[in-house]
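Enquirer: Here the structure of chain E is known, so what remains is to put chains C and D in place on it, guided by the hints.
Residue numbers (the working numbering), protein chains in the order written: chain E, 1 to 300; chain C, 1 to 200; chain D, 1 to 751.
Calculated from the structure, these hints are not laboratory results.
Wrong hints could be hidden among the right ones.
[To be verified] Derived, one-sided and incomplete: chain D residues facing chain E with beta-carbon distance under 8 Å:
1) A661
2) T663
3) Q664
4) S720
5) G723
6) Y724
7) L725
8) P726
9) I727
10) S728
11) A729
12) L742
13) P747
14) T749
15) D751
Quick reminder that beta carbons are idealized off the backbone N, C-alpha and C, glycines included.
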Amino acid sequence: MSRYNPTLLTPPREDEEVYPYRRVWQSIAFENTVIMGVAVLFLIAYDFLGVRLPQVIIPYVNVLIAILPTILWLLSSYYRERLVTQPRQNLLTVFIITALAANAIGIPVVNDLFKVEEWLSLESTLNRILGYAITIGITQEIIKYLVLRYIIWNQNLRTRTDMIAYVAASVVGYVTVVNLHLIADTSLAPNIVAYRVTFTVALHMTASMIVGFGLSELHFNPRSVLLMPFMLILAIILIGILIPVRSGILNAGFVLGIGVQNALFGVIFTIIIMTAPQFVIAFLYENAENRQRQAGSTKG
Amino acid sequence: MSIVEINAVQELTRVQRWSHYITLIIALIALIAGINARNSAFSTNVSFTNIQAGLLIRYPENWLRDENSDEYLVRVRDMTRVGYKTTIQIGIDPISENTDAWNILLARSLRLANLATYRPFEIEPDVALPNDISGARMVYTFTATDPNPSLESLPTVVIGVDVVTIRRGQAISITFLTDARTYQEDIEIFDRFLETLEFQ
Amino acid sequence: MLSKRAKIAKLTALLLCVSVILVVNMSNAQIISEDFDLDRIQRATVYIIQTRNDTDDSITCVGSGSIVSRDGLILTNAHNTVPNRNCAGEEIIIALTTRAGTPPIASYRASVVQADEGLDIALLQIDRNLDGRRIEQGTLALPFVELADSSQITLDSSLIVLGYPDINGSPVEIRRSVVNGFVTEPSAPDRAWIKVETPDEDLGISGTMTGGGVYNVAGQLVGIPTTAPVISTISDDSCVTIQDTNGDGLVNRTDICVPVGGFINALRPSNFASPLIRAASIGVAVEKLSDTNLISTVAGQPAFNRLYFSTAVNEGMPTRVVNNLPANPGSLFLFFDYENMTPETIYELRVTVDGRPNARFSLAPVRWSGGERGLWYIGSNEQSWINGFYEFTLFINGLASGSNSILIGGSPANDPSFSNILFGISDSGNFFGTGYVLPTGNQVTARFLFQNMNPDVRWTQIWHFNDLEISRQDEESWSEGENGSRSITLLAENGLVPGRYRLDLYINDALAATSDFTVAGAAGGPVPRVFTNIRFVTAASPADALNAVDLPNFPNTVRDIYALFDWEQISPGTLWTMRWLVDDQTFYEETLPWSNQNGGQNFMVRLRSAEGIPDGEYRLELQINSVPLLFDNVVVGIGQLPIDFFAQAEGIQLGGQIVDADTQQGIPGVTFILISEEFSVEDFTWLATQVYSLAVTDRNGRFQLDRPLQFDAPYSVMISAQGYLPISADGVVVDEDTPNPLEIQIPLTRD
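Only chain E is shown next, with the shape it has when bound in the complex:
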């Protein structure tokens, strides 16, 4: 009995054979796409078609939207992590510690210490950018930085991509607490919750990936003492810019009639900041990885 044993025309995909880790970017892309999809769905349904959910189920829908990033992360990242041969350790720890820190430190500092609601909205544009950077921006990013730095940075990083996975865990932990505070403090319509959740995820993910890049470079290629501080500054300034810009886009302005918030532009803006910066950051990670790989092979 003979068997047909064809010759491979192309070599087998190297990755599939040799890559023992979960593919982080795929997970993040999937999670972001679902979150954006939900926002777009609500935009079409609520703002364009005028669909309204029954009042009685709105609180449950809001909770669902608020914890959607967590659910997606658990399914797409955490659960899948357990299926690979070399799973990343302490993902859940990072998630929980960040969430606890956000709830215990981050949100109280922003609301009660900085009291940004009482003064920052009324400042000039430049002051608001700086203000958000040195209040909300620094608070949330330093918390995530410290969690990552002290829990996983020294012993759990194997590749730069690992850093992305831990950044995502940290972001989801922080965002979940912010989202739950959002729906607990106000009675928002589900479309608004969806937009806010999407923006919060986008904002945190973008900023924290920059911080994460700094951390990974500091771990794998520690050539400059200033890179990490620079990345932190870059992240908080980005936060300082994105928050007022989004508000400015949404703000209806004054009309002698019924003013309407620009929800469409808000969602488009969120989608842009959820995708474009992350592509750039992904490129930076990839580039750094390749450079190190090349450097390693040259050495070898």
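Expert: Just chains C and D now, kept in the frame of chain E:
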């Protein structure tokens, strides 16, 4: 069954250590700057001199200043506040040589009786106030509401503090009014106002 | 098969139907113009509750009213607001409609600031909160309505009546109505009442709508629906018992009822209210300090008598007495004497035509505006009178008090007649005089017209003084020809005593013409010298005023100006009129019987204003029988009222809601600032002088600016609230095409 790969804890390089320190220092500086910005926003003042009362006052930025009333010489209100508009107002009353601050406060108290649910808490005839101001002080409460009957405005419980001091043959009354719920925080505004008050 | 004629008839009928439908639709469409701001008018219509006193809130009377100024001046009736026998309450509570279609909410207390009890008009000023706290002047910003010139209303005009239809908390009722006639009385020779009817007879204007507002299609107030129901002592449909007034734990017939009865078919024209509103606006009170009640002439029961008809009126006197008229006379007046009347007396005219009640010519029960005694008339010269047998019956306080009838129709009669009596003094063949006011002297001459006379006519002249016959002359024949004028003279050797006189002329024992005249004052000019020597002084007290110096000018800081004048030979009971004008606009007019001595000095009237009498040229006029006998002017300040005193608000009323853009829920306590047109947002430095108007949102985020936006003025807007992005805009302009009131919604965005 998965393979768990654990890296050993590595000794930090000098770059890593200092980078971390610098990051922490920058974060600390940013947080301090944030607190400072907050304080600065809360304490940014506008100066204004009222010649009639011989006063230089400094009141928070973006408060609405009003001088068009028989009731007061000048009034400043925080119109950006959501809810009752925290108010500081200054008035003068003529006095005789036998009039003291307590007499003025008593007369004010009787006038204030027209306010809804007015209730005086305390009158201190001789108190030392910030900025070496001495005089009398009265604390009272009333409820304020929008008089427009077409609007469903809820009454706000207001706490008022009147400070009266005698200067150059006239009684200067400085009134502070704010929402009772935020009185403890807002009274700092009034303290700052008194501290920065200049008699000319 | 239908014949051709039948087809034409059918087509014609169809076209007629279509035409009728079109006309009806067009007339409906005409009722409300774009300017008619029904929401604002509804909110400006208030429910008025008169209660016993400030400690006893039992209701004594109710009615409706209209807010006519931003600061809470309310135009309404006097009969249910000014304390009187039927409505004895001392407190007035004002309930407002805050949302169209909802019951009124008791919100304020008010006081009467001006009133004419006879005309049944009162002006109330909201001056206290419901809990009795004083309201500071200038703090109210209420929706209000503007007054129209009621003389411009024509027959068949569409009007809209607003008021509260019952005592049970129903929302403001809107009744469409049509003008079907005008009633003239001595109080207004043009039109004392506007008669209206509702197209749907089942939806009449109920009694509790009295005092409300009647509006033209432009939304301006043209009249006050008025009725003063005759009070029943027991509870029935006209007077309902709703409260336990005797405290026996039961609400039953032993408790005092609240009068609500009657239906309204007459409006008091808004022009009657203008002087009162002017007086209230300038804040000047007129007080008669000299005792005007030394001699009271009211004694006995009120009564009407000597009812007769005339086709025309001259200076309040009938031109000719008629008993029947040819078809379509154009005008008809019922004259009658009255006595012992007071402003609280309620009179009513019921007219039947061929035995059937006719609402068009009847007048619902209203208050008496003519003083204690004299000659009165009621009628109309602006509507057609169909042929028929008319019976006029007058009622006083619900009881019939005289009637007369007249037949209208048939051909013109050429019966002998007298008409147009005028009085004067003959001197060397010249006849001169003022018509109906003559000086004391030894003779008075009456000149009258005659028509269709012949020598066989028997005629009589009878002269009366204060209802007593003093001279009578019967003539068995007529010697003056068929048509012309004739003078007759009354001689009095001892001189004519001051007082009220009357001449009756009879033809063949039937009253043909009659007229009254007043003798007062001394001869000495074109008019009798009754009132003399007006002086204007200011003083600390009336006693000081007697010796103060007469001044032609006063500063506007003066609070009291005393006007003093002397008088001579005026009989008690003589009706005289005091009128005050400012810048040629009447702000006070009162006709009352003279009740002082025959002659004297220093009759004192005080103009008083707590805030200082406003700049203006003030004039005091003294009249008898509408004849101006004396006047004088006094200047205060610059001699002209400030421009904005009677200014009506024009522009757009701006309101709306400020919402959280995320939650779409209103944000309470947010300030909406409208910056004056001289400043932009960039120029705004947070000074109150730069602010045109500001408002703070209520618990639903709703706000209302207290000043209307002027047309074509570029305002700026600033909305700045902690926690939200500020919103600002320059060049906010409204024009005549902008909806009024303008409702906007502003979403605020959180960062």
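Enquirer: Return the numbers of the hints above that this structure violates; sort them in rising order.
Expert: none
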